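Enquirer: Sequence:
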Amino acid sequence: MKHTSVRCRRSCALCLALAFTCARAQETPDAQVLGTIEVVGSHIRAIDLQTQHPMLILDRAQIERSGLTSISDVVQGLSANGSTLNRNINNGGNGEQLVNLRSLGFNRTLVLLDGNRFVSDIGGAVDLSAIPVGVVERVEVLLDSASAIYGSDAIAGVINIVTRQNHSGGQLDLYHAQTDYDDGRRRKVDLGFGRKGEHWSASGGAEWSRDDAIFAGNRVISAVPNFGLPLDATGSPTTPFTRFLLASHPRPPYLRLIDGRGGTSPADFRNFNPLADTYNYAPLNYLQTPQTRRAVFAHARYEFSPRLAFAADALFTRRGSTQQMAPPLIRLDARFPSDPAAIPIAAGNAYNPFGEPIIAANRRLVEGGPRIFEQTADTRRLHAGLDGAFDLFHRNFSWAVDATVTRVAEREHTGPYADNRKLALALGPSFRDAGGLPRCGAPDAPIDGCVSLDLFGPPGSITPAMLAYVDAPETNRQRDGSHVLDAHVSSPGLLVLPGGALAFAAGVDHRRESGAAIEDPLRASGNENGNGGTADSTSGAYSITEAYLELDAGLLADKPFARKLDLTVGTRHSRYSNFGGTTNSQFGLRWEIVDDVLVRANYAQGFRAPAIFELFQGAATGIGNAGPDDPCDPRNEPPPTPAVSARCAALGVPANVDSTQELTRPISRGNPRLQPEISRSRGVGLVFTPGWIEGLDANLDWYDLRLYKAIGDTGLQAVVDDCYRRNRDVACAQITRAADGTLAQVIDLPQNLAGGIETEGYDFALRYRRAMPVGRIGVYWTLNYVDYFGEIGKPGPGTLLADGSIATGNIAGTHAPSADSGGLFGVIWRVRSQLQLVWENGAFGASITTRYFSDIDEDCSGVTDLAARLHDPSLRMLCTAPDHVIGGAAAPQNHVPSVTFTDLEGSWEAPWHGRFTLGARNAFGRSPPVARSALFNSFFPDYDAPGRFFYASYQQRF
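The sequence shown begins at 4 in this note's numbering and counts up one residue at a time.
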């Protein structure tokens, strides 16, 4: 799109992102005229892209230059994005690719498609992989709260993905890439077309892409559970050799088969050593998960007259994704009768050499191969609408009525698993038939179809027939639905004010959100071995009716030190069927002091409605062999206070309750009484476009965002503490005690948490572009700096808060894996930055991009604890601060250094309307720094996987 003079430069200053350039957008031949448009952040249609809020715009050429093949990868690279769910997450991943603006959680960023809300999953997050990159014209990113404009979820920001709709001709794109390790291949083919007539236009496209896996075993850093630590001491205690407890010796140490023995005699076994007899589960895991995408998109528009038009579009996407982990395990523990896996190995089992029951056993079933989790997610979206214009009282008005229906159906096939019911038979009494083969049951009562299972032999002793009998693959399903009907009207000039026009927009909308997660009967019944517990299906829906109003008033114009002064106001009332109503407003001031300097300030109220899963999650029970500390137990150190003892007695807890005998059954489920989260945000920004430096634009924005009533789980310990130590009766209703007074069951519900989260920081962007004798040169820089991330009010660490909790203080610049309450996640970088240098000369172009992640302080207690257990103090030196102390308590830390990845790209425009592109991401082969607190692979998943990534693409326009 073309813009002119200072207004163009100011617009671009607000539209910088990912250190990309507006250059190719400005050179696009079919975008010569810009009519009134609606950009993210407002429903008021206007030609001026200088919005009240800081925003970023990436056009199609910028996306192509990145060398990325999915919108999710592009958006996740934003400097303002935090830790997120991507293809580098295997254990815990589900194929979705999410965004996490401001590190505030996946469900606190609103995603739009062509200005309309895109469907979210039952957790409230949007899977960006459902939107094919081939149909995208541009991506608009609003870095501000906008609930007054768009409603729920727009707390951290809004991402609007705009599709290609008004173009002529066709385009074929071919893409191939792989790493210098000869793995991780990516292929993409997409075909797009567009036609236009005098009163109509039509466009569409199809895309196919396939991203291959990278195995953790193919990289040194991820080939072991914890890089740099002794393998034998950091692997899994569940190994291909069964470890077990005899009924006569029900406490550890466990027994284990001696290497090279057959397991047919008690003499074949020895004590299990947890610091040496472990299993390296890492090599079979995916370091980067595979994914395929197939998508088709179509759009059509017909103008009945210059003031009335009909438009419709349809999207279908099928995502196939897979995660792979180490072989499944069998877990048996008859010491806890309420556990679904309370299955002993019978003394009379034909393979049992001990002649007494085995009451606990664990084994890794390497004979069955790795665990596979395969998802197929189909997204179907249909949108249709009428739009037009009319005049009233000599004023121009635009209007639109839209209807959108989106449905997502996902199927997940997982396995292999073992069925507890079949395990009970296969490990029960058995006998040897006339041929010497073990048979389930007794000679006079054999169990037909049952295959006796040998857990005492070496790896390989479990036969295919044994596996086939106990195997029970699962199929879980999920459905998400969204139905939206909206209508709005706007005018760029309702009234004439001293500083310009009074523009307005108003509208109403109604939508229905629904979702369900249908658990496989094996999981629902609790008979899936290895996971333990049960899981009921989830299902629910709610509806919303909303009305909103926006005003943009020109207060002053062409005055000294006030070239332009505008006030914006917006308010929205939302009525939910489940919790009632909420009203949110925002105010903004846009002050153009002189031609070169613009100041903006805004204040916004925001909210997020509870998601389907938070409201309606089916009850899920955990393994009942661990629970919270019982505040009523007189054996506690320190013992209960007199007030706590009196509270316990008043609630019927025996004075001598013994928590060491407790068998607590944890239960989690949804909470239909949840209220919405609320937020308050403030921001002040400066836009600088010096006329004496041609081609330079810069902007700096300060923000402070506070999140209240965040929805999250309090944890089992908090539930019992709330009941007995804080006298909160509502928590007592979540606790059930056994006849002897011990804790039998504790329900953990999502709650609107007390306190809150505050984040404060700065967004900076700079653009400089100028023609020189060697060609056209561009410099593009974006940076996000997080000054504070922690509790509201910025209390110091260790401060006692009003809700009785202890403040963690500022966690900016740290890895906070335990900061999950309220949906927070992962690493909080102080600085993320991207800097790009672009050169263009005729048909040739090239760019170099640097992506910077600042250093991180992380917990290192896992390393120091292991050093103590191994009596090896040298391991402590793997922590940069093993003796670090916080509040008088040991708090070992490690400093993860900063890292910069460098990308190179070059292109040539062929005379036959083709373009060749070659590029390399992480061109200098920078390895990610080792992180001791990383859950897997020993580095944070937001970093590039080790190795260079080379790509080549060809584009043909016709």
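In case anyone wonders, no lab produced these hints; they're calculated from the structure. All values derive from a computational prediction rather than experimental measurement. Positions of the beta carbon are idealized from the N, C-alpha and C atoms, including for glycine. A hint or two may mislead.
Have a look at the derived ranges for each label pair, beta carbon to beta carbon [unchecked claim]:
1. SER930 x GLU201: 45 to 51 angstroms
2. SER542 x ARG383: 15 to 21 angstroms
3. VAL299 x MET880: 55 to 61 angstroms
4. SER930 x LEU689: 52 to 58 angstroms
5. THR478 x GLY845: 53 to 59 angstroms
6. HIS202 x ASN844: 19 to 25 angstroms
7. ARG773 x THR478: 58 to 64 angstroms
8. LEU175 x ARG383: 21 to 27 angstroms
9. ARG773 x GLN959: 45 to 51 angstroms
10. ALA757 x GLY694: 47 to 53 angstroms
11. PRO476 x ASP806: 28 to 34 angstroms
Enquirer: Which of the numbered hints above does this structure break?
Expert: 1, 4, 6, 9, 11
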